[in-house]
Amino acid sequence: MQFHKPLLMILLVCASASAAFAEVPPKHSANFKGNYAEMMKRTTSPQLAECVATGHDLVARSKLFDRLGMTDVEIGEATISPTRIDVPASVRRQKSGDWRDIVLSCNFRGGKLVNIDIMNP
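First residue of the sequence shown: 36, per this note's numbering; consecutive thereafter.
Don't take every hint at face value.
Heads up, simulated BS3-like pairs for lysine-lysine below, C-alpha to C-alpha not over 30 Å straight-line [unchecked claim]:
hint, residue 1, residue 2
1, K147, K68
2, K147, K62
3, K68, K130
4, K147, K98
5, K130, K98
6, K62, K76
7, K98, K68
8, K76, K147
9, K130, K62
10, K98, K62
Label-pair distances were calculated between CB atoms; the ranges are [what the hints assert, rightly or not]:
hint, residue 1, residue 2, range
11, A72, T106, 15 to 25 Å
12, S131, T79, 30 to 40 Å
13, A57, R135, 13 to 23 Å
14, N155, R96, 11 to 21 Å
15, S97, R119, 15 to 25 Å
16, Q129, H63, 20 to 30 Å
17, K62, D101, 10 to 20 Å
18, K62, L99, 12 to 22 Å
19, R128, A57, 15 to 25 Å
20, K147, A72, 14 to 24 Å
21, K130, T79, 28 to 38 Å
22, R135, D107, 15 to 25 Å
Just so you know, the hints here were simulated from the structure itself, not pulled from any lab data.
Predicted model, so just to flag it, every value in this text is computed and none were measured.
For glycine and all other residues, C-beta sits at the position ideal for the given N, C-alpha and C.
Let the sequences and hints guide you as you build the complete structure.
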């Protein structure tokens, strides 16, 4: 199968654009330890706790959102593999009552969180 150059370029641009939304995890805030400890009360997975606590840090620095929330049911619905965790959750738009369903996605390499993303479900 032979690709034409314009089609191949479009595919490469689309692939790189979709991967560009994942962010390097932010530096841990002063609230990280508390958020992590709270999550460890709700789950037995240290990686899930790290993902959610880092998600709180990411949202706290966001220009779009100011709150991250999830229920125990949503935490229980998290998809966990050795390299990726996806957690259903909600975010609130800055200074509004507008909540939006999202998926908090964390990628791990060698047990270390390497990137985090807020995605539409």
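The hints, checked one at a time:
1. K147 <-> K68: Holds. K147 to K68 sits at ~17 Å (cutoff 30 Å).
2. K147 <-> K62: holds (14 Å)
3. K68 <-> K130: holds (25 Å)
4. K147 <-> K98: holds (26 Å)
5. K130 <-> K98: Given that 30 Å is the threshold and the Cα spacing comes to 11 Å, the pair holds.
6. K62 <-> K76: holds (23 Å)
7. K98 <-> K68: holds (23 Å)
8. K76 <-> K147: With a Cα-Cα distance of about 21 Å, the restraint between K76 and K147 holds, given a limit of 30 Å.
9. K130 <-> K62: holds (24 Å)
10. K98 <-> K62: With a Cα-Cα distance of about 17 Å, the restraint between K98 and K62 holds, given a limit of 30 Å.
11. A72 <-> T106: 15 to 25 Å: The hint (15 to 25 Å, Cβ to Cβ) holds, given that A72 and T106 are roughly 19 Å apart.
12. S131 <-> T79: 30 to 40 Å: holds (35 Å)
13. A57 <-> R135: 13 to 23 Å: holds (19 Å)
14. N155 <-> R96: 11 to 21 Å: Holds: the Cβ-Cβ distance is about 20 Å, inside 11 to 21 Å.
15. S97 <-> R119: 15 to 25 Å: holds (21 Å)
16. Q129 <-> H63: 20 to 30 Å: holds (22 Å)
17. K62 <-> D101: 10 to 20 Å: 19 Å Cβ-Cβ, so the 10 to 20 Å window holds.
18. K62 <-> L99: 12 to 22 Å: Given range 12 to 22 Å: holds, Cβ gap about 19 Å.
19. R128 <-> A57: 15 to 25 Å: Given range 15 to 25 Å: holds, Cβ gap about 21 Å.
20. K147 <-> A72: 14 to 24 Å: holds (20 Å)
21. K130 <-> T79: 28 to 38 Å: Given about 36 Å between the Cβ atoms, the range holds.
22. R135 <-> D107: 15 to 25 Å: holds (20 Å)
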